[in-house]
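Please build the complete structure, drawing on both the sequences and the hints.
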Amino acid sequence: MVKIEIFELILKLIIKVISMLKIVLVIIIFSLFSFSAKESAETFKPVITDGENLTFVASYNMSGLMTDIAEIQSVTSKVSTKTKTLYRLKCTASSYSKWDTYFKIRDLYESYITIDTYKPVISKKNIDEGGYKKEVSSTFNYSNKIIKNKVIKHGKEDSFDTVFQGSLYDLVSSVYHIRTLDYDKFTVGKVIAISVLIDGKIHKINAKYLGTENISVGKYGNKKCYKLSISVNEKELKKAAGSKFIWLIADSKRVPALIKAEIPIGSVQVRLSNM
Amino acid sequence: MVNCYIKNYKNMKINILVKIVVIIALIASLLGLVLAFLPFGLIALIPTLFGFAIALIVFFIYRKYKLPKIVLFISSIAILLIAGKEIFIKDEVVADKAFIEKDEASKNEAIKELNELEESGLLDEIDSLDVVE
Numbered sequence: 064m065v066k067i068e069i070f071e072l073i074l075k076l077i078i079k080v081i082s083m084l085k086i087v088l089v090i091i092i093f094s095l096f097s098f099s100a101k102e103s104a105e106t107f108k109p110v111i112t113d114g115e116n117l118t119f120v121a122s123y124n125m126s127g128l129m130t131d132i133a134e135i136q137s138v139t140s141k142v143s144t145k146t147k148t149l150y151r152l153k154c155t156a157s158s159y160s161k162w163d164t165y166f167k168i169r170d171l172y173e174s175y176i177t178i179d180t181y182k183p184v185i186s187k188k189n190i191d192e193g194g195y196k197k198e199v200s201s202t203f204n205y206s207n208k209i210i211k212n213k214v215i216k217h218g219k220e221d222s223f224d225t226v227f228q229g230s231l232y233d234l235v236s237s238v239y240h241i242r243t244l245d246y247d248k249f250t251v252g253k254v255i256a257i258s259v260l261i262d263g264k265i266h267k268i269n270a271k272y273l274g275t276e277n278i279s280v281g282k283y284g285n286k287k288c289y290k291l292s293i294s295v296n297e298k299e300l301k302k303a304a305g306s307k308f309i310w311l312i313a314d315s316k317r318v319p320a321l322i323k324a325e326i327p328i329g330s331v332q333v334r335l336s337n338m
Numbered sequence: 043m044v045n046c047y048i049k050n051y052k053n054m055k056i057n058i059l060v061k062i063v064v065i066i067a068l069i070a071s072l073l074g075l076v077l078a079f080l081p082f083g084l085i086a087l088i089p090t091l092f093g094f095a096i097a098l099i100v101f102f103i104y105r106k107y108k109l110p111k112i113v114l115f116i117s118s119i120a121i122l123l124i125a126g127k128e129i130f131i132k133d134e135v136v137a138d139k140a141f142i143e144k145d146e147a148s149k150n151e152a153i154k155e156l157n158e159l160e161e162s163g164l165l166d167e168i169d170s171l172d173v174v175e
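Keeping their order, the protein sequence lines are chains C and Z.
Heads up, the first sequence is in the working numbering, so the first residue is 64 and it goes up one at a time.
Heads up, the second sequence is in the working numbering, so the first residue is 43 and it goes up one at a time.
Hints are computed from structural coordinates only; laboratory data are not their basis.
Even for Gly, the Cβ is constructed at its ideal location relative to N, Cα and C.
Some hints here could point you the wrong way.
Said to hold, decoys possible - Simulated restraints, written as ranges between beta carbons of each label pair:
1) K49/Z / S126/C: 37 to 43 Å
2) Y195/C / I65/Z: 23 to 29 Å
3) K139/Z / T164/C: 47 to 53 Å
4) D314/C / I69/Z: 25 to 31 Å
5) N116/C / A95/Z: 43 to 49 Å
6) K139/Z / Y195/C: 56 to 62 Å
As structure tokens, this is what we get:
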């Protein structure tokens with residue numbers, strides 16, 4: 064009886080960690096691919112390069128002891144239509160084989176963006192998390208400012224439109240925007256607001272610049288990084304520091320080096336392992 | 043007679059306390075062992091070392107009890123298992139053919155959709171938008 068209770072507790076903990084991983088994945092996609100640029104003077108030169116391949120390791124941390132859960136890959140490539148070429152920003156999350164028996168994750172996020180303007184044209188999400196499957200496809204129409212969404216969940220298909228105004232990015236393309244900002248011109252405490260489309264709904268995400276910090280980036284040694292605090296609502300923004308942070312390497316590529324998100328027991332972190 | 047009664051009462055209280063502490067250590071060690079079998083990595087060390095430390099203290103102070111020895115044995119197995127898994131088992135993602143196919147299919151589907159958008163002139167309209175709004 065006690066064993067069953069212990070096993071249930073462990074399962075609950077696994078599910079909690081996996082659900083936090085989703086949030087971290089959202090943050091990493093957010094910091095790897097799109098954001099709406101309102102301050103042209105603060106926009107850095109483009110960092111999107113064809114063939115960029117970044118690998119991250121997602122871990123659960125408790126009292127300084129870590130266990131690796133999944134690998135996240137971010138790949139940038141070009142795709143061509145009959146006359147045009149676009150960037151395909153792909154982000155995948157795959158659980159390590161040791162976790163596959165208990166909770167297998169195979170998530171695929173894609174964004175097709177224009178090369179010159181970084182505007183998303185098609186956004187796709189196809190997730191499989193422990194048997195929970197969901198597909199979301201969004202097509203942006205900039206002439207009438209309408210996004211056509213198609214959601215497939217539990218085998219049921221649902222279609223709906225989302226109306227938008229101003230600049231809007233999808234999850235994946237938003238990360239690139241954050242990397243294009245010129246943080247050297249920012250003052251500490253500056254807040255950047257971004258409208259992000261997640262599952263057909265528009266969310267306001269705030270990134271607060273907290274200055275620079277030197278952190279260890281695995282085999283690449285110590286790197287100077289820009290530190291940002293990410294908040295998804297006003298309550299989190301009002302907190303002094305928040306509980307979700309991103310460190311971007313302070314060079315021309317602005318690659319995310321570390322992402323941390325605190326949870327009630329321990330924390331989830333995503334660290335750069337290869338670039 | 044009274045002194046003897048008080049002494050027995052105190053011993054009984056100590057016995058109960060020691061048993062409670064050792065049972066807690068036993069539960070921690072068993073939890074550590076369960077976690078050691080699961081892919082929790084070094085996190086399994088937290089309950090294991092807790093159980094091990096308590097059992098070791100009780101073992102040195104009250105050698106008459108057998109339970110601390112059992113706890114030490116369970117903890118040792120868990121520690122060996124955790125260390126072995128950390129040293130010899132490398133984290134890797136299994137090549138998933140279905141996932142690769144899903145990726146390819148999604149890309150082809152998107153290109154097809156992009157071609158349709160291009161034919162309807164929507165891609166040209168995006169290019170004519172300002173870089174920064």
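Taking the hints in turn, this is what the structure says about them:
One distance hint, 37 to 43 Å for the beta-carbon pair K49/Z and S126/C, holds here, with the actual separation near 42 Å. Under the hint 23 to 29 Å, the C-beta atoms of Y195/C and I65/Z, about 39 Å apart, miss the expected range. Evaluation of the 47 to 53 Å hint for K139/Z and T164/C yields a failure: the beta carbon distance comes to about 18 Å. The given range of 25 to 31 Å is broken by D314/C and I69/Z, whose C-beta atoms sit roughly 50 Å from each other.
Here the CB-CB span from N116/C to A95/Z is close to 45 Å, well matched to the stated 43 to 49 Å. Separated by about 21 Å at the C-beta atoms, K139/Z and Y195/C break the suggested range of 56 to 62 Å.
Against the hints set out earlier in the document, violations occur for numbers 2, 3, 4, 6.
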